[in-house]
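**Student:** Work the whole structure out from these sequences, hints included.
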Amino acid sequence: MLLAGCSGGGDDSGDKRRASSKERGSDALPAPAPPPDGAQDSRQRENGLSRDIAPSPAPADMRSTFALDVDTASYGFARRTLDQGRLPDPAAVRPEEFVNSFRQDYPKPDGDGFSVSVDGARTGADGWSLMRVGLATRPDDEERRRPPAALTFVIDISGSMAEPGRLDLVRKSLGVMTDRLRDDDLVALVTFSDRAETVLPMTRLGDSRDRVHAAVDDLRPTASTNVEAGITTGYDTASRGLREGATNRVVLLSDALANTGDTSADGILRRVEDARRAHGITLFGVGVGSDYGDALMERLADRGDGHTTYVADEDDAREVFCERLPANIDLRARDAKSQVTFDPETVERFRLIGYDNRRVADDDFRDDRVDGGEVGPGHTVTALYAVRTRPGASGPVATARVRWLDPGSRAPREESADLRTGDLDGTLDEAEPRFQVAATAAYFADGLRAYDRFADAEPRRQDGQDGQDERGGRGEDHSTAPLPGAPTPDRLEEWARGLAYTTGDKDVSELAESISEANDLRGSAP
Numbered sequence: 005m006l007l008a009g010c011s012g013g014g015d016d017s018g019d020k021r022r023a024s025s026k027e028r029g030s031d032a033l034p035a036p037a038p039p040p041d042g043a044q045d046s047r048q049r050e051n052g053l054s055r056d057i058a059p060s061p062a063p064a065d066m067r068s069t070f071a072l073d074v075d076t077a078s079y080g081f082a083r084r085t086l087d088q089g090r091l092p093d094p095a096a097v098r099p100e101e102f103v104n105s106f107r108q109d110y111p112k113p114d115g116d117g118f119s120v121s122v123d124g125a126r127t128g129a130d131g132w133s134l135m136r137v138g139l140a141t142r143p144d145d146e147e148r149r150r151p152p153a154a155l156t157f158v159i160d161i162s163g164s165m166a167e168p169g170r171l172d173l174v175r176k177s178l179g180v181m182t183d184r185l186r187d188d189d190l191v192a193l194v195t196f197s198d199r200a201e202t203v204l205p206m207t208r209l210g211d212s213r214d215r216v217h218a219a220v221d222d223l224r225p226t227a228s229t230n231v232e233a234g235i236t237t238g239y240d241t242a243s244r245g246l247r248e249g250a251t252n253r254v255v256l257l258s259d260a261l262a263n264t265g266d267t268s269a270d271g272i273l274r275r276v277e278d279a280r281r282a283h284g285i286t287l288f289g290v291g292v293g294s295d296y297g298d299a300l301m302e303r304l305a306d307r308g309d310g311h312t313t314y315v316a317d318e319d320d321a322r323e324v325f326c327e328r329l330p331a332n333i334d335l336r337a338r339d340a341k342s343q344v345t346f347d348p349e350t351v352e353r354f355r356l357i358g359y360d361n362r363r364v365a366d367d368d369f370r371d372d373r374v375d376g377g378e379v380g381p382g383h384t385v386t387a388l389y390a391v392r393t394r395p396g397a398s399g400p401v402a403t404a405r406v407r408w409l410d411p412g413s414r415a416p417r418e419e420s421a422d423l424r425t426g427d428l429d430g431t432l433d434e435a436e437p438r439f440q441v442a443a444t445a446a447y448f449a450d451g452l453r454a455y456d457r458f459a460d461a462e463p464r465r466q467d468g469q470d471g472q473d474e475r476g477g478r479g480e481d482h483s484t485a486p487l488p489g490a491p492t493p494d495r496l497e498e499w500a501r502g503l504a505y506t507t508g509d510k511d512v513s514e515l516a517e518s519i520s521e522a523n524d525l526r527g528s529a530p
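In our numbering, the protein residues as written are 5 to 530.
Treat the hints with caution; some may be incorrect.
What the hints assert, rightly or not - Simulated restraints on C-beta separations:
# : residue 1 : residue 2 : range
1 : 492       : 224       : 42 to 52 Å
2 : 183       : 143       : 17 to 27 Å
3 : 365       : 211       : 44 to 54 Å
Everything labelled a hint here was simulated from the structure, so no lab data went into it. Every residue, glycine too, gets a C-beta built ideally from N, C-alpha and C.
**Tutor:** This is the structure we're talking about:
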């Protein structure tokens with residue numbers, strides 16, 4: 005049964021090279037200057053942030069800013085595609101979602117918000133290291149009762165959902181959630197095909213679980229896919245059932261293959277954005293199916309201040325609906341953004357791995373009107389950078405900051421941690437296992453995205469000695485070359501299998517299998 009084994013776990017092993025926000029900070033690089041109107045400067049001083057504010061910003065090309073992202077759909081869909089004997093579309097491969105699909109061991113903060121950890125290791129490519137920025141939120145405290153949830157499930161019952169592993173999996177998943185939610189939580193059900201219908205208005209679970217189960221069991225596939233109608237009706241239903249003091253969320257379960265109504269992402273997105281602004285209703289997207297509109301689902305969730313994941317089988321459903329969705333009901337941080345400032349005296353070039361759709365203008369880091377990411381309890385967020393240090397340089401390398409709004413008071417908060425050249429003395433194969441898992445996932449994603457069937461048409465440089473990005477300046481590397489120190493596909497598979505043995509982690513074993521499947525497809529390609 006899906007309900008069996010609904011429990012999570014963690015790896016609490018330490019990392020002697022990690023610098024956390026509680027341990028480091030005296031060498032922090034200058035923070036970006038506050039907005040000129042002074043209003044936020046005052047607010048920052050009130051929240052104990054004045055120590056982080058410098059009179060002038062660091063050079064623009066030595067900063068990297070992005071909204072936090074805990075999506076994992078890209079990795080889940082890639083695994084499903086490989087299992088079916090196909091390589092994933094490179095455009096659907098988002099490296100940060102590969103990296104963030106694996107458990108990390110970052111220290112947890114005492115309250116809402118984040119802990120910040122930074123560490124790194126040399127890759128073997130000339131002057132290049134990988135730097136890991138790790139952010140973590142506090143898990144749910146069983147003694148702290150979360151606010152009730154008002155969840156509107158928007159369910160795709162179009163003809164394409166008749167494929168095994170789609171609507172049948174959705175029914176089982178909703179059955180899991182119905183039994184796991186609390187009596188004071190509320191649920192509404194909206195279905196859509198060529199049109200949309202509210203089959204269950206917002207209903208307090210209490211003694212109504214049988215009513216919800218009956219509505220779920222009656223779901224049957226019908227006609228075409230009008231995502232626009234589903235989204236519009238779903239948000240209308242959620243708005244009518246809005247509950248003050250509750251977490252109001254729309255949960256979209258679909259293959260996101262829109263073919264009726266407004267099929268353009270922008271048209272549908274406007275409806276999501278308007279409802280979000282008017283009522284603060286956020287979106288959680290759950291993708292299903294071997295053919296899956298990954299790009300549309302991701303954009304819907306991003307504009308709806310939410311998250312996406314992908315469910316391929318009952319094991320995935322158990323994880324999503326026993327762990328991830330409950331973790332997304334409550335919030336630890338709103339509009340969370342990270343900014344990493346590199347020291348130009350020690351760093352020649354750097355490259356953020358992934359987060360292409362989550363980049364934020366550097367000067368908007370402290371503009372709290374700019375959307376960031378919403379992060380729930382017990383989440384970790386990992387960002388990997390390839391960093392090339394200057395020969396013989398020593399001293400500060402980078403300072404990582406995270407800024408967010410308190411979920412209750414909306415007051416801005418910040419934490420930071422820094423990295424020095426001495427923290428890069430170790431090699432990647434000497435780093436703690438969880439760092440190596442993140443690196444393996446990043447190299448795998450980069451290979452899937454950058455290579456045609458993993459095959460190099462011609463050799464490309466991996467040592468970064470070209471020295472200039474396309475803008476002709478130092479700082480962030482926007483090239484499409486392979487990540488520095490990238491192992492061969494066979495070596496990557498061997499590395500992953502070793503980590504699966506070391507960690508004893510089923511997820512890492514599955515990563516090794518996916519790499520093996522990709523390598524087999526490469527070998528069979530004409």
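**Student:** Go through the numbered hints given earlier and state which of them the structure violates, listing their numbers in rising order.
**Tutor:** Going through the list in order, the structure violates no hint and respects every one.
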